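Student: Protein sequence lines, in the order shown, are assigned to chains A and B. Just so we're aligned: the first sequence equals residues 1 to 303 in the numbering used here. Just so we're aligned: the second sequence equals residues 1 to 303 in the numbering used here.
Calculated from the structure, these hints are not laboratory results. The structure displayed is predicted, hence computed values, not measured ones. Hints may contain errors.
No copy is singled out in the list; a pair is fine if it fits within one copy or between any two copies.
Heads up, simulated SDA-like pairs for lysine to any residue below, C-alpha to C-alpha not over 25 Å straight-line [to be verified]:
1. Lys-96 to Val-10
2. Lys-186 to His-285
3. Lys-151 to Met-23
4. Lys-44 to Ala-277
5. Lys-302 to Asp-249
6. Lys-44 to Lys-87
7. Lys-33 to Ala-128
2 protein chains.
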Amino acid sequence: MIKQLIDKIVEKDAPIVVGLDPMLDYVPEHILKEAFSEYGETLKGAAEAIFTFNKRIVDATYDLIPAVKPQVAMYEQFGIEGLIAYKKTIDYCKEKGLVVIGDVKRGDIGSTSKAYAVGHLGKVKVGANEYAGFDEDFATVNPYLGSDGIKPFIDICNENDKGIFVLVKTSNPSSGEFQDQVADGKPIYEHVADKVREWGEMSMDGDYSNVGCVIGATYPEMGEKLRAVMPNTYILVPGYGAQGGKGKDLKAYFNADGLGAIVNSSRGIIAAYKQEAYKDVDELHFEEASRRAVIAMKEDLKF
Amino acid sequence: MIKQLIDKIVEKDAPIVVGLDPMLDYVPEHILKEAFSEYGETLKGAAEAIFTFNKRIVDATYDLIPAVKPQVAMYEQFGIEGLIAYKKTIDYCKEKGLVVIGDVKRGDIGSTSKAYAVGHLGKVKVGANEYAGFDEDFATVNPYLGSDGIKPFIDICNENDKGIFVLVKTSNPSSGEFQDQVADGKPIYEHVADKVREWGEMSMDGDYSNVGCVIGATYPEMGEKLRAVMPNTYILVPGYGAQGGKGKDLKAYFNADGLGAIVNSSRGIIAAYKQEAYKDVDELHFEEASRRAVIAMKEDLKF
Numbered sequence: 001m002i003k004q005l006i007d008k009i010v011e012k013d014a015p016i017v018v019g020l021d022p023m024l025d026y027v028p029e030h031i032l033k034e035a036f037s038e039y040g041e042t043l044k045g046a047a048e049a050i051f052t053f054n055k056r057i058v059d060a061t062y063d064l065i066p067a068v069k070p071q072v073a074m075y076e077q078f079g080i081e082g083l084i085a086y087k088k089t090i091d092y093c094k095e096k097g098l099v100v101i102g103d104v105k106r107g108d109i110g111s112t113s114k115a116y117a118v119g120h121l122g123k124v125k126v127g128a129n130e131y132a133g134f135d136e137d138f139a140t141v142n143p144y145l146g147s148d149g150i151k152p153f154i155d156i157c158n159e160n161d162k163g164i165f166v167l168v169k170t171s172n173p174s175s176g177e178f179q180d181q182v183a184d185g186k187p188i189y190e191h192v193a194d195k196v197r198e199w200g201e202m203s204m205d206g207d208y209s210n211v212g213c214v215i216g217a218t219y220p221e222m223g224e225k226l227r228a229v230m231p232n233t234y235i236l237v238p239g240y241g242a243q244g245g246k247g248k249d250l251k252a253y254f255n256a257d258g259l260g261a262i263v264n265s266s267r268g269i270i271a272a273y274k275q276e277a278y279k280d281v282d283e284l285h286f287e288e289a290s291r292r293a294v295i296a297m298k299e300d301l302k303f
Numbered sequence: 001m002i003k004q005l006i007d008k009i010v011e012k013d014a015p016i017v018v019g020l021d022p023m024l025d026y027v028p029e030h031i032l033k034e035a036f037s038e039y040g041e042t043l044k045g046a047a048e049a050i051f052t053f054n055k056r057i058v059d060a061t062y063d064l065i066p067a068v069k070p071q072v073a074m075y076e077q078f079g080i081e082g083l084i085a086y087k088k089t090i091d092y093c094k095e096k097g098l099v100v101i102g103d104v105k106r107g108d109i110g111s112t113s114k115a116y117a118v119g120h121l122g123k124v125k126v127g128a129n130e131y132a133g134f135d136e137d138f139a140t141v142n143p144y145l146g147s148d149g150i151k152p153f154i155d156i157c158n159e160n161d162k163g164i165f166v167l168v169k170t171s172n173p174s175s176g177e178f179q180d181q182v183a184d185g186k187p188i189y190e191h192v193a194d195k196v197r198e199w200g201e202m203s204m205d206g207d208y209s210n211v212g213c214v215i216g217a218t219y220p221e222m223g224e225k226l227r228a229v230m231p232n233t234y235i236l237v238p239g240y241g242a243q244g245g246k247g248k249d250l251k252a253y254f255n256a257d258g259l260g261a262i263v264n265s266s267r268g269i270i271a272a273y274k275q276e277a278y279k280d281v282d283e284l285h286f287e288e289a290s291r292r293a294v295i296a297m298k299e300d301l302k303f
């Protein structure tokens, strides 16, 4: 699956993933109003508004980008109705030819991790039939439980040509509390990186592995070091834009081949119409601001 | 919320939580057959079979136990239909007066962690209304991202009288890969335990905190040490029974007041009818084996 993602990155000339993390606050008034008038101020009304919002952004940007990353928490907060919108978003994005990275940060052990992997990347058996529950292309995974938590995901990736991104160094201020603790001469995130490289060998797909990792844009010096530790690992980079990461700081996340990293922007794209820079955009056509923000991000990432 | 859980543990005289982690393999043939004949071999058919299975076990054990712990992965693997069964299970258990610990192992940062917390423990605003998405009483949470990931959960717990259990030392064989790495003279799990104690002070509820932790039954010597590090923290103990933990090994997880820990058993209770010990139970009445297994576990945990 990483090869498919790389092909799309090269085709679109954009190492960019748009984070579909819709807060209700981001959704323009007219979309909310329409959904609420049809379904009331209900969970279904909220979910419909979010799906319409996503669809408009995807329609305005899919020709420019290789991938999207819906953040499942933003849907899960609306319960079952929210998760229906999550699934509809996945399906719609795949129809538009986009690679879908489910930002689910799941992780457990043994048969439980397998169940998560099956639900998001695989197929579950029911009698003589098989069904894909959510069917993302990639899922993000938390490594705290060790190999027992990761290997079931790798098995499912290999059976279904899918991929994962394992959290190594996250973009938030307190990520260092545990991740930066130094053991045996190196920080925990580097211990995780060593394992990611090892796990990656179990699922190579061309020059890169289906086992990628997550390193926040806010820690570029760590990104540079980790790039060298995991040469065949694709890096998913959150924290660009709103969280403070800048294009020029991110060069070190890429390999000499110009590949090796994909940078996420969520709020900076999907809520672009709220920015000063796009105040000329009519809120009724908010997605035009998203399109312009993608183009600006693409320029910012030309090194 | 921890006070409510403790009251029920004392009332039932059972520091026991039943893990509702239904694999389709555990569901007796006659239940599968009935569900499939009504809904076909579909995701809905599987979800209905699982809910019926849960309901029968709950009906047979609720008077003996304080709490249940559904493992969301086992439902999530069946997609939306599975999550509907998860929600129905939560609601049914609460009707029966049980405390529900959602074993969701969620964790992210900032507004994303808040969204998970809202979805599982809080209420989401939609226009002038508020809705609870899943409405468990407790959720399990992964600490790898540090305080930024945990504090939004604590805020929601304080607003809604709910609780969390933070992973400290998990029960699986590879849990040591990162958790046991020694930094600054102590293992990472102990660094996490220090933080759990600190976070716990933000949500005290009687003698114990609404911020509990998870320590696997398979590491009793670590359990003993961690008990001392976090005197006011309730410990959720997985890994009893099927994973190898025995009753007598678990005394050290409890405080002198006889409180401080709740031990989970999943397969050992819900699939008890498949054990040699209960082979006299007719599969049509499989839940009788679950009831007897709860009673046996209760005895095994008398120190």
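Student: The structure should be examined with respect to each hint, and the outcome stated for every one.
Tutor: Against the structure, the hints come out as follows:
no.	hint	verdict
1	Lys-96 to Val-10	within (17 Å within a copy, 56 Å between copies)
2	Lys-186 to His-285	neither (50 Å within a copy, 56 Å between copies)
3	Lys-151 to Met-23	between (33 Å within a copy, 19 Å between copies)
4	Lys-44 to Ala-277	neither (33 Å within a copy, 48 Å between copies)
5	Lys-302 to Asp-249	within (11 Å within a copy, 59 Å between copies)
6	Lys-44 to Lys-87	both (14 Å within a copy, 16 Å between copies)
7	Lys-33 to Ala-128	between (44 Å within a copy, 13 Å between copies)
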